[in-house]
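There are 2 protein chains.
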Amino acid sequence: MANAPSSSASGIAATIDGRAVSARVIERIAFETRRLTDETGVVPGLAVVLVGDDPASQVYVGAKGRKADELGFVSVQHTLPADTSEEAMLRLVGELNDDPAIHGILVQLPLPAQIDKNRVIEAIRPEKDVDGFHPINVGRLASGAGEAMVPCTPAGCMILLRDTLGDDLGGLEAVVVGRSNLVGKPVAQLLLNENCTVTIAHSRTRDLPAVVRRADIVVAAVGRQEMVRGDWIKPGATVIDVGVNRIPAPEKGEGKTRLVGDVAFAEAAAVASAITPVPGGVGPMTIALLMANTLKAACLSLGRPSPKLG
Amino acid sequence: MANAPSSSASGIAATIDGRAVSARVIERIAFETRRLTDETGVVPGLAVVLVGDDPASQVYVGAKGRKADELGFVSVQHTLPADTSEEAMLRLVGELNDDPAIHGILVQLPLPAQIDKNRVIEAIRPEKDVDGFHPINVGRLASGAGEAMVPCTPAGCMILLRDTLGDDLGGLEAVVVGRSNLVGKPVAQLLLNENCTVTIAHSRTRDLPAVVRRADIVVAAVGRQEMVRGDWIKPGATVIDVGVNRIPAPEKGEGKTRLVGDVAFAEAAAVASAITPVPGGVGPMTIALLMANTLKAACLSLGRPSPKLG
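If you read the protein sequences in the order shown, they are chains A and B.
The first sequence begins at 1 in my numbering and counts up by one.
The second sequence begins at 1001 in my numbering and counts up by one.
Same shape as in the complex, but just chain A (with noise of 0.2 Å):
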C-alpha cells in the first residue's frame, strides 16, 4: 500500500476498497461454485479466446485464467494466430456454444481487422455471453425483459456503489460521464434500475462541470486522465472512477509510469464522501463479475436461479 494516494489523508473521503470488496465477491463465489457442484455435479466452465499477441490483452487472458483455476472452474484458453480468419473464428465459436462443459465464453478485444468484432459477439449464444455483449443480452439489460448477463465492469460499479451507500439508490442523482457500450451507457440502465434520476454525459456535452456538479454519484469512464477535477465534484458525492490511463511517473525513476483514473483523486477526495481509487477501485471487480457471470451461466443452464454475490 506504499503507493497508496497521500492526498487522500487530507481529503474528508473514504477511499472505497475495490480489492476487499472483490475479495468478498469471490469468496461468495466460491462458496456458490461449490453448492452447485455438490448439488448437481456440474463444475462452471470458461473458454476464453485471444487471437494474436498483443501483450496487454495477453495479461488480461493470462489474469481472467488463474481467477477461474483458482475458483476450480473449468478453464480452457484458445489462443489464435493474427492472422486467423472470421471463418476461423466463428467455426471456433460455433464449437463452444455446442460444448456443455463450457457456460461462458469470453472473446478478448480487440479482435485483428479482419474479424468482424459484431459478427462474432452476435454468433455467441447469448447465454454463454459472459461479457454481456451480445445485442440480445444488451437488449434485455434495457427493456427488463427475461435474464441479460450484464456487462463485467458496469456490474461491478453497482456492487460498489451499494457497498457504499447501501441497496437503496432511489432517487439519486447519477451522471454519466462517457456513453461507452462496454461502460457508460450500460452503468446508465443499471442505475436507472436502481431507481436513480440519470444523465448521460459526454464530448458533446456543453457545461460539463455544471452537470457533473448535481451528481450524488459520479461515474466516470472517458479514458481521459483526470479529466474530472475536484471542484465539478458537489460536496458529499460519491465518485466511482472507471477510468485506467498510464501515465509517466519521472519521480519514480527514469521512464517509470504509474496509473491514475478519469477522476483527480486528490482534488475530488476533498470533496466527496467516497471514491474509487486507481488502481485497487473499479478494476478488481471486472474480474469477479466475470467469474460471477460464469457461474450464473452455469445456473441458468441448469434451470437454477441466478445466484446473489452483491
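The hints are simulated quantities; they were obtained by calculation from the structure and are not laboratory data.
A virtual CB, placed ideally from N, CA and C, is assigned to each residue, including glycine.
Hints should not be assumed to be uniformly reliable.
What the hints assert, rightly or not - Sample of chain A residues at the chain B side, in silico, Cβ under 10 Å: (1) A113; (2) K117; (3) H134; (4) R140; (5) L141; (6) G171; (7) K185; (8) A188; (9) T199.
Said to hold, decoys possible - To give an idea of the interface, some chain B residues facing chain A are shown, with a C-beta separation under 10 Å as derived from the structure: (10) L1036; (11) T1040; (12) P1126; (13) G1144; (14) I1200.
Said to hold, decoys possible - To be clear about the criterion: a stretch of chain A counts as covered by chain B if any three or more of its residues have a C-beta under 8 Å from a C-beta of chain B, and this derived list gives those stretches: (15) 82 to 96; (16) 143 to 152.
Given the coordinates of chain A, work out where chain B should sit on it, guided by the hints.
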C-alpha cells in the same frame, strides 16, 4: 380545428403540427415505395395480428391497416379469438416469419394473460419486428451495432424535434420524463445518439420540476394528465408531449370527453418556444413511422439501404 386549445394564442410557443409533418413523411414513403416497386417489383407487406376484441385495439389495428392500404402495401390482418393459446400464436408468428410477402409483423398489445408477451415478441424475426420491441432491436439501438428497427413513437418524436430545431441537436439538454420500454427508454437512446445530454426522470425522481427546468428538450411520456406544469418549463424549451389521456369534458355536453397530454398545454405554451398539441402532435407520427419501418424492412430484405424519410 375548432377544438384547438384557445389559450395557445396567448402563449409564445409555436404549435408543432404533427399532422402536417406526418403527411409529409407519408408522401415520402409513398414516393420511396413506388421507387422500390418500380425497381424490384417488390411491394412492402405488413401483417397485423390482433387477439381478442378490445375496442381500442380494434381502432388502432383498423387505422394501421387503412394506412397500409392507402400506400398500396400488401396488408393482412389476423384476428384471433381471446382464448387463443400461446402455441397457436407462436405458430402464426412462425408462418408470418416464413412468408416472403410479409416484411413487417405487428402484434397488437396488450395480449391476453395466457400468452407470454415477451415470448411472442422474441419469436418475431428481428428484421420483421416493425415495432422495434425484440431484444435484438433494443440492443442494436442501444449499442449502435447493426441496423435496428426503431420503435415508432420514439422515432416519430425525433422527426418532430429535427423538424422544429434542425438536424443538429448536439449539446442540447434533453429530459425524458418516464422510462417505459415503449417510449421513455428508446427516446432517450435516440436523443443520446443525436449527442444530447440526456437525463431520464421518473416517479422516483426527487425534484422533478427542477430537473425538467434544466431541459432544452422535454419529452413527457408518463401517462398522467397535465402533470408537467408551465413553471417546470425553461423559457424557450421545445416540448414533446407523448401522453394521451382521456378526461371528462362537461363543457362539450354530458358524458363527453376530450384528450389531453401529459403536459398542461396552455401553461407550457406560454413559456416554451415550441410544443406538440394533444391530439395532433406525436399521435399522427406513430402510424407514419410504422409504415416507414415496413418499407425499411422490405428494403433491407433485398439488401437495399434504408430510405431516408426524416
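Here is what the structure says about each hint:
Proximity of A113/A to chain B is violated relative to the hint, the smallest CB-CB distance being about 17 Å (cut-off 10 Å). Interface restraint check for K117/A: the shortest CB-CB distance to chain B comes to about 9 Å, inside 10 Å, so the restraint holds. Taken as an interface hint, H134/A checks out: its beta carbon lies about 7 Å from the nearest beta carbon of chain B, inside 10 Å. Evaluation of the R140/A hint against chain B yields a held restraint, the C-beta minimum of about 5 Å falling below 10 Å.
Hint status for L141/A: holds, given a least beta-carbon distance of 8 Å to chain B, under 10 Å. Hint status for G171/A: holds, given a least beta-carbon distance of 5 Å to chain B, under 10 Å. Using the Cβ-Cβ criterion of 10 Å, the hint placing K185/A at the interface with chain B is satisfied: the shortest such distance is roughly 6 Å. Because the beta carbon of A188/A sits about 8 Å from the nearest beta carbon in chain B, less than 10 Å, this interface hint is met.
Annotation: interface hint on T199/A holds; nearest CB of chain B at approximately 4 Å, less than 10 Å. Because the smallest distance between the Cβ of L1036/B and any Cβ of chain A comes to about 27 Å, over 10 Å, the interface hint for this residue is violated. For T1040/B, the interface hint is violated, since its Cβ never comes within 10 Å of a Cβ in chain A; the closest pair sits about 26 Å apart. Because the smallest distance between the Cβ of P1126/B and any Cβ of chain A comes to about 9 Å, under 10 Å, the interface hint for this residue holds.
For G1144/B, the interface hint holds, the least distance from its beta-carbon to any beta-carbon of chain A being 7 Å, beneath 10 Å. The interface hint given for I1200/B holds, since its Cβ lies 5 Å from the closest Cβ of chain A, which is under the 10 Å cut-off. Here the region 82 to 96 of chain A counts 0 residues with a CB under 8 Å from a CB of chain B, which misses the bar of 3, and the coverage is violated. Only residues whose beta carbon comes within less than 8 Å of a beta carbon in chain B count, and the region 143 to 152 of chain A has 4; three or more means the coverage holds.
In terms of the numbered hints stated before, the structure departs from hints 1, 10, 11 and 15, listed from lowest to highest.
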